[in-house]
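Quick note, the sequences are listed as chains A and B, same order.
Quick note, the first sequence lines up with residues 1 to 489 if you use the working numbering.
Quick note, the second sequence lines up with residues 1 to 348 if you use the working numbering.
Simulated from the structure, these hints should not be mistaken for laboratory data.
It cannot be assumed that every hint is accurate.
For each label pair, taking beta carbons as the anchor points, the in silico distance ranges come out as [said to hold, decoys possible]:
#	chain 1	residue 1	chain 2	residue 2	range
1	B	Pro291	A	Glu86	44 to 50 Å
2	B	Val140	A	Ala8	57 to 63 Å
3	A	Glu203	B	Gln334	42 to 48 Å
4	B	Ala12	A	Glu203	37 to 43 Å
5	B	Pro291	A	Ala8	15 to 21 Å
6	A	Glu255	B	Trp251	46 to 52 Å
7	A	Ala145	B	Pro291	49 to 55 Å
8	B	Pro291	A	Gly413	41 to 47 Å
One side of the interface only, derived from the structure: several residues of chain B facing chain A at Cβ under 7 Å [what the hints assert, rightly or not]:
#	residue
9	Leu10
10	Pro19
11	Gly21
12	Ile25
13	Leu57
14	Val289
15	Gln337
16	Arg339
17	Ala343
List of simulated lysine to aspartate or glutamate pairs, EDC-like, C-alpha gap at most 16 Å [as the list claims (entries may be wrong)]:
#	chain 1	residue 1	chain 2	residue 2
18	A	Lys223	A	Asp187
19	B	Lys17	A	Glu409
20	A	Lys10	A	Asp404
21	B	Lys17	A	Asp325
22	A	Lys301	A	Glu264
23	A	Lys48	A	Glu108
24	A	Lys301	A	Glu367
25	A	Lys439	A	Glu409
26	B	Lys17	A	Glu367
Built from N, CA and C at the ideal position, the CB exists for glycine as well.
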Amino acid sequence: MNLFSPFARKTFARGVHPAGNKSTAGTPLRRLPFAPRMILPLAQHIGKPAVPTVSVGQEVVRGQLIARADGFLSVPLHAPVDGVVEAIELMPSARGPWTESIVIRTYEASTQEVRCGTPRDMDALTPQEIIQAVQETGMVGLGGAAFPSHAKLTVPKGRAIHTLVVNGCECEPYLTCDHRVMLERTDDLIQGIRYAMRAVGAEKAVIGIEDNKPDAVAAIRAKLPADGRITVAAVETKYPQGAEKMLVKSALGLEVPAGGLPSEVGVVVNNVGTLAMLGRLLPLGQGLTERAVTVTGPGIKRPGDYWVPIGTPMRHILAWAGAEDVSEREIILGGPMMGQAVASLDVPVTKGVSGILVFDRRRVEAEANRPVHACIKCGECVNACPMGLNPSMLGLLADKLEYDQMGAEYHLGDCFECGCCTYVCPSNIPLVQQFRVAKGVLRERAELARAKLEPHESGERFDFGHKEGEGRKGGGSRHTVHTTPPAST
Amino acid sequence: MTGKSPRIELRAAPHVKRPVGVETIMRNVVLALLPIAAFSVWQYGLSALALLVTATLACLATERWVNRLAGGPNTLSDWSATITGLLLGLTLPPSFPLWMAAVAGFAAIALGKALFGGLGHNVFNPALVGRAFVQAAFPVSITTWVPAYAPDRFTSFIPTTFTLPFMTPPDISAWAKAAVDGFTGATPLARWKFENLLATPADLLSGAVTASAGETSALLILACGLYLAARRFLDWRIPVAVLGAAALTAWAFQFAGPERYPDPAFVLLSGGLMLGAVFMATDMATSPVTPKGVWIYGATIGVLTVMIRYFGGLTEGVMYAILIGNALAPLIDQYTQPRVFGARGRRA
Chain A
1 MNLFSPFARK TFARGVHPAG NKSTAGTPLR RLPFAPRMIL PLAQHIGKPA VPTVSVGQEV
61 VRGQLIARAD GFLSVPLHAP VDGVVEAIEL MPSARGPWTE SIVIRTYEAS TQEVRCGTPR
121 DMDALTPQEI IQAVQETGMV GLGGAAFPSH AKLTVPKGRA IHTLVVNGCE CEPYLTCDHR
181 VMLERTDDLI QGIRYAMRAV GAEKAVIGIE DNKPDAVAAI RAKLPADGRI TVAAVETKYP
241 QGAEKMLVKS ALGLEVPAGG LPSEVGVVVN NVGTLAMLGR LLPLGQGLTE RAVTVTGPGI
301 KRPGDYWVPI GTPMRHILAW AGAEDVSERE IILGGPMMGQ AVASLDVPVT KGVSGILVFD
361 RRRVEAEANR PVHACIKCGE CVNACPMGLN PSMLGLLADK LEYDQMGAEY HLGDCFECGC
421 CTYVCPSNIP LVQQFRVAKG VLRERAELAR AKLEPHESGE RFDFGHKEGE GRKGGGSRHT
481 VHTTPPAST
Chain B
1 MTGKSPRIEL RAAPHVKRPV GVETIMRNVV LALLPIAAFS VWQYGLSALA LLVTATLACL
61 ATERWVNRLA GGPNTLSDWS ATITGLLLGL TLPPSFPLWM AAVAGFAAIA LGKALFGGLG
121 HNVFNPALVG RAFVQAAFPV SITTWVPAYA PDRFTSFIPT TFTLPFMTPP DISAWAKAAV
181 DGFTGATPLA RWKFENLLAT PADLLSGAVT ASAGETSALL ILACGLYLAA RRFLDWRIPV
241 AVLGAAALTA WAFQFAGPER YPDPAFVLLS GGLMLGAVFM ATDMATSPVT PKGVWIYGAT
301 IGVLTVMIRY FGGLTEGVMY AILIGNALAP LIDQYTQPRV FGARGRRA
């Protein structure tokens, strides 16, 4: 392997090659008109929901703080428009359940300039102060994870970071917003990388970009500082190249331990979109009010990349991009491999939404009519799983509801749900979908086990044992041993 | 129906799929088998055609009957029963009575596949189960060989073809001798084993030898296998492992006793090894799924084939070697789980 490494493409083992469909890569980012109403869920990041600092009827200006962070693993929210707070109530969200959201009615006559924020002298800040400043922007991972950026830049105690890996892979098909940001906001990106390097104490930074974006590689290389601390690594175009562990392996040859974080091998990974936005917002002292979103797919008449204010409802964007009739179509937030299908057009664009994909009726029907066969043990999934799991075996165990064995013997916990197994499966078995269910059940079982140790906590809400037994005769009793709620005292 | 409110599809990710289904794979395997079947008909004439058609129809009819019995969906459309039928026909001698071929087809699908639960659940290669069944049931007919390229092969059938069920097939040695001058009635493997006579690689490659219907042209089988491997419908590692292990074993024996054992080329090109390595050992459902496992599985089949040929009572060992390999596949899988990304130390 090392013998050939000078000639080999930088990459990781296995993975898949879905069709790119990145037709929007050639057109610059555009702006949409502001929607008449903005919906801002308080929980649009991983961690505790933000706490509103405005009240119904209050006027807000664009960029103003409207909800503060609740503790360390939480980020604030900023008003995306000049307008008035219409309501703070439950609204539809992409994940399914309605969530507490701030609804703002937009002042249509406003110029919508951001006038908030106190400029900062970034060079004077300590790493700790930079991290504090990052939290104040309300920044989360814009690649789709929506994990608070300041938490990611906080190095765990006892670990030293040598390299910042910047994720410009954009390995999901259809998505091109990171590509456009790399081309159009290159200076911001370099600034953001410098701030992040100081925050984590990294000596070097490597920007990993899939080799289907040679223009982005060239644009960034042309702007790299002369000190040589920041470099660009063109990595193989392969899904899921943009997964943290895969990219660290491809760009640096380091393997993050199973169940561990990149910081265990001295690396922190950040998305290009996140760092480019930080590079722009931090010196201005402003908050995150918009993000780049790819709007595309066979069901969209005017596909493209747009700067979309956070909180813009889907209905507004789709109408503008030319998808008025959405009947019998599939609308996906994010990329086609890991994105979330939405049930309501009132779902807004949140901080973690990198794309809006609309698949048309013909495609939806073709997918729905494809038969599911039994596993023919072709091994395609084993050759596709980037984590080196055996999805074929996991799938057979999932059929038998042997969730404990999946976790204990076949490393279900290492699955990060990239979907490669389902993508390749010729039998059309919903493998990763089953794994999500299995992981959920195992999580609940673990919670139940903890609850059992604390007898004062009622086990009633863990009453899912009977549901599982229903699907199968004979096997049920074995499972109920694990899942019977403890008798409440 | 209101017809007005939009119906939005909800599905869990991933929302795109590789456009390759079970049907695609199986259809291509059938396509790759067709040239081999055509060549077999060219060599053996009408009887081979009747044999292939009978075996395939018997498999399809049994599959449909089992579908009805089980109340399940029609699984003929996945093409797997067609593959079983064609492969089965290709492993039988061209003179094999048709009613026996029908029995073999029934056994292949009913015993080899349906009893286990259908496609994907079977432990053993169905075509080989069918062949093993008739090998035990009709030991004489399955070792009765006829010459290739008989002059009247496109105008008349081999006398045994239309034997009535449960009747003794007529003796055809006189017919065979008359059809092709100097015909001995033995396969190259048998001639080596019992008379120590070696067929030349040129004869073996071109198919000018006595054999089962589809195991005569090693070159054609390889070419069809290459097509499937190139389109990723066949795991190339399995034939490479089978043939490599067989060649190495044969070479080791020849090294130890040059006067007793034939050279590796003869071992590779004779009998059903090529057809077995390319089309039967590679059956997805009955081979391991792990990358390391397929190498071990293939090598086991290769070594066993040579061992059975050299030391067993039979002249041919491919069928039993693959069936034993099938039986071992789940065990091999269990001990060759892939290494998990970032695993500290290797797991067993």
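Each hint tested on the structure:
no.: 1; hint: Pro291/B - Glu86/A: 44 to 50 Å; result: violated, 58 Å
no.: 2; hint: Val140/B - Ala8/A: 57 to 63 Å; result: holds, 58 Å
no.: 3; hint: Glu203/A - Gln334/B: 42 to 48 Å; result: holds, 45 Å
no.: 4; hint: Ala12/B - Glu203/A: 37 to 43 Å; result: holds, 42 Å
no.: 5; hint: Pro291/B - Ala8/A: 15 to 21 Å; result: holds, 19 Å
no.: 6; hint: Glu255/A - Trp251/B: 46 to 52 Å; result: violated, 39 Å
no.: 7; hint: Ala145/A - Pro291/B: 49 to 55 Å; result: violated, 31 Å
no.: 8; hint: Pro291/B - Gly413/A: 41 to 47 Å; result: violated, 22 Å
no.: 9; hint: Leu10; result: holds, 5 Å
no.: 10; hint: Pro19; result: violated, 9 Å
no.: 11; hint: Gly21; result: holds, 5 Å
no.: 12; hint: Ile25; result: holds, 6 Å
no.: 13; hint: Leu57; result: violated, 23 Å
no.: 14; hint: Val289; result: holds, 4 Å
no.: 15; hint: Gln337; result: holds, 6 Å
no.: 16; hint: Arg339; result: holds, 5 Å
no.: 17; hint: Ala343; result: holds, 5 Å
no.: 18; hint: Lys223/A - Asp187/A; result: holds, 7 Å
no.: 19; hint: Lys17/B - Glu409/A; result: violated, 28 Å
no.: 20; hint: Lys10/A - Asp404/A; result: violated, 36 Å
no.: 21; hint: Lys17/B - Asp325/A; result: violated, 25 Å
no.: 22; hint: Lys301/A - Glu264/A; result: violated, 46 Å
no.: 23; hint: Lys48/A - Glu108/A; result: violated, 32 Å
no.: 24; hint: Lys301/A - Glu367/A; result: violated, 21 Å
no.: 25; hint: Lys439/A - Glu409/A; result: holds, 14 Å
no.: 26; hint: Lys17/B - Glu367/A; result: holds, 8 Å
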